[in-house]
Every structure is written in structure tokens, then in C-alpha cells.
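Based on the sequences and whatever the hints tell you, model everything.
Residue numbers (the numbering used here), protein chains in the order written: chain X, 366 to 593; chain A, 94 to 171.
Certain hints may be false.
[Said to hold, decoys possible] Here are the computed distance ranges between Cβ atoms for each label pair: (1) A:L118 - X:R367: 15 to 25 angstroms; (2) X:Y419 - A:R95: 36 to 46 angstroms; (3) A:D141 - X:S495: 39 to 49 angstroms; (4) X:A591 - A:L165: 50 to 60 angstroms; (5) X:S495 - A:V126: 30 to 40 angstroms; (6) A:H130 - X:R472: 14 to 24 angstroms; (7) X:P430 - A:D141: 21 to 31 angstroms; (8) A:Q144 - X:A469: 15 to 25 angstroms; (9) A:L107 - X:P570: 52 to 62 angstroms.
[Said to hold, decoys possible] In silico contact screen, one side only, chain A against chain X (beta carbon under 7 angstroms); selected entries: (10) P109; (11) G122; (12) N155; (13) L157; (14) V158.
It should be emphasised that the hints constitute simulated quantities derived from the structure, not laboratory data. None of the values given here were measured: they were computed from a predicted structure. Beta carbons are placed, not taken as given, at the ideal position from N, Cα and C, and that holds for glycine.
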Amino acid sequence: MRFGVLQFPGSCDEVDALQAARRVGDAALLWHGERDLKGADAIVVPGGFSYGDYLRAGAIARFAPVMESVIAFANDGGLVLGICNGFQVLCEARLLPGALLGNANLRFTFRQVALDVVNPDSAFTRACGSAAHPPQPLSIPAKHSWGRYYADERTLDELERGGQVVLRYAPGENFNGSLRDIAGVQNAAGNVFGLMPHPEHAVDPLTGSTDGLCIFESMRLAVEGAHA
Amino acid sequence: MRARVLIRPKAGILDPQGEAVQRALPALGFAGVANVHVGRLVELDVDDPEQLQPMCEKLLANPLVEDYEIQLLDSAAA
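Quick look at the structure:
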């Protein structure tokens, strides 16, 4: 199982994503100017400020050469995880519905948040619990200025009906004003997932929580299950 | 041709930046201010003004959350 972690000019969480992915499999960085995904079984679009977030967060990065390959990979059913800026990039690329707007509190906010796993059967959350032990809320840090999830009402209804709302901020945790407390969504096919909080920063007891690890472990299970 | 693209948050979407400016103005003594919204301005020279709309749809604006307005400016006046 090999993860490819994208690296744009202005990315800043790609090394943490790489280290998190290496706890469950093999992982390598993929430079934004390359088109070759180097045999990756799953892609992580990391956090940061790709291309300086000029114009809108993620607006320029979606046109990077590597994104052409990622879009083809996703359309072919490949697993793609977007974290924070990566979520913004996937929305801009229309691989995920909706958009991320400025936090309602108008502040860059960095805090540990509790997330309810709304869809525990997704390819990105199936290792977060089991039939015998339904997933507990995940404690994962969030740090962003542009994390207010928005989609029109009709799209939000479709997302809820289709199990595409994967993670929600637990009651009282939605600091950015995301509609319907949405913290993470997947596409209709279930192979592309984006979330604002940072599971790659919650994989070691040293930093207080290892709840993020189950996202990477779920991806490993999904890939290896598909190959089995 | 000189062109100007005005990009605004779509009506009905929470605009906390506009709200913050609206709250700040009365504090400075400017009364009677309502419906403040903050957007973005892109100015550019283009050979083919027909390209402006696809430019807006693909890059300059995010049509899911923003409205855009294209203004063609007289080259001599620009």
C-alpha cells in the first residue's frame, strides 16, 4: 500500500501527512509540477497555503500538472483524501461538492475539535470503529481561516441522504460556521473525501491524540481489500 | 481591451467580512449604513473580451458562492 502525498509551493503539512501515512503503509511525496503519480494506491492532498492561496484558497492549485493526474485517478475510482487546504483544492477541482468560505468568526482559529463520525462505513472511516464498538467522537486539531463549509440547500440534502456527510463537528464545536456542522464530506462514489481538521497531526500520543490514525488505516483497508 | 471584473459574495450567503465593516462604520460616526458586502476586483488587459466570461467561470470567480460582473473599459480612458 503506497500513499502519494502532493506537495505544492506553499504546502506546509505534507511532511506530517507523509509520516502519518507511513504508520500504515509506504508513502512518497509527489511534486506539483509532475504528472506521474509513481504507482500510488491513494493520494493525500495536504494542508497549507498552496500557491499562496492567491485569488481563493485552492483556486490555482487545482490547475497544477499533478492535479490533472489526480483528477483522472479519482475519476477512475482511486482514493483521494484532502486535508484542510487539500479539501479546498478538491472543492475547487469539483471533485467534491461545495466550497470553503471564511470562518464566521473572521479569525484564524487553531483548536482541538471533537468530530462525530456520521458515516462509519466510508472508505475513510471504516477503521474508526467496528460493529461491536461504534466509533467514538474523534479528537483532532483544526487550524484554518477558510473552513466554513457551504453548499446550497438542495446539495446539502443530497449529501445527507447519500451518506456523503462523513464527519460533523460535535455539538458546540463548529467554530467556523460550517453549514449543518459539516466537517468532512465525500463524493457520491465514496472514493474522494475532504475534511478541514488535520488527522495527520493526531497520530502520536506525544501530541495528545491518535484519533487521526484511523483515517489512514481505513484507506489502507480499502486499498488492500480492493486488491485482495 | 481593458476590462474590470467585480466579484461579490452571492446574495444570501453569510458575509462576515461585510458584517464586520458594517459594524465598524457606525463606531466611527458614519450613520445610516446597511447591506455592506466586501468583494474582489480584478483588472486586466485582454485581446479577446469574449474570453472574460469563461475566465470568470473557470478561475476568477467561484460561481458556487460568488457572482461576477464584467465591465469593458475604454482603452483610451484606462
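We went through each hint and held it up to the structure:
1. Under the hint 15 to 25 angstroms, the C-beta atoms of L118 (chain A) and R367 (chain X), about 55 angstroms apart, miss the expected range.
2. Distance hint check: the CB atoms of Y419 (chain X) and R95 (chain A) are about 22 angstroms apart, inconsistent with the given range 36 to 46 angstroms.
3. The supplied range of 39 to 49 angstroms is broken by D141 (chain A) and S495 (chain X), whose beta-carbon atoms lie about 59 angstroms from each other.
4. Against the hinted window of 50 to 60 angstroms, the Cβ-Cβ separation of A591 (chain X) and L165 (chain A) comes to about 52 angstroms, which satisfies the hint.
5. Here the CB-CB span from S495 (chain X) to V126 (chain A) is close to 56 angstroms, at odds with the stated 30 to 40 angstroms.
6. Between H130 (chain A) and R472 (chain X) the beta carbons are some 20 angstroms apart, a value that agrees with the proposed interval 14 to 24 angstroms.
7. For P430 (chain X) and D141 (chain A), the hinted distance range of 21 to 31 angstroms is satisfied, since their beta carbons lie about 25 angstroms from each other.
8. In this structure the supplied range 15 to 25 angstroms is violated for Q144 (chain A) paired with A469 (chain X), their Cβ-Cβ distance being about 35 angstroms.
9. Between L107 (chain A) and P570 (chain X) the CB atoms are about 38 angstroms apart, so this pair departs from the stated range of 52 to 62 angstroms.
10. Here the hint on P109 (chain A) is kept, as its CB sits about 5 angstroms from the closest CB of chain X, short of 7 angstroms.
11. For G122 (chain A), the suggested interface contact is broken, since its CB lies about 23 angstroms from the closest CB of chain X, more than 7 angstroms.
12. Hint status for N155 (chain A): holds, given a least beta-carbon distance of 6 angstroms to chain X, under 7 angstroms.
13. With a cut of 7 angstroms, the hint placing L157 (chain A) at the interface with chain X holds, because the nearest CB-to-CB distance is about 5 angstroms.
14. With 7 angstroms as the threshold, the beta carbon of V158 (chain A) comes within range of chain X, its nearest partner Cβ sitting at about 5 angstroms, so the hint holds.
Going through the hint list in order, the structure does not satisfy hints 1, 2, 3, 5, 8, 9 and 11.
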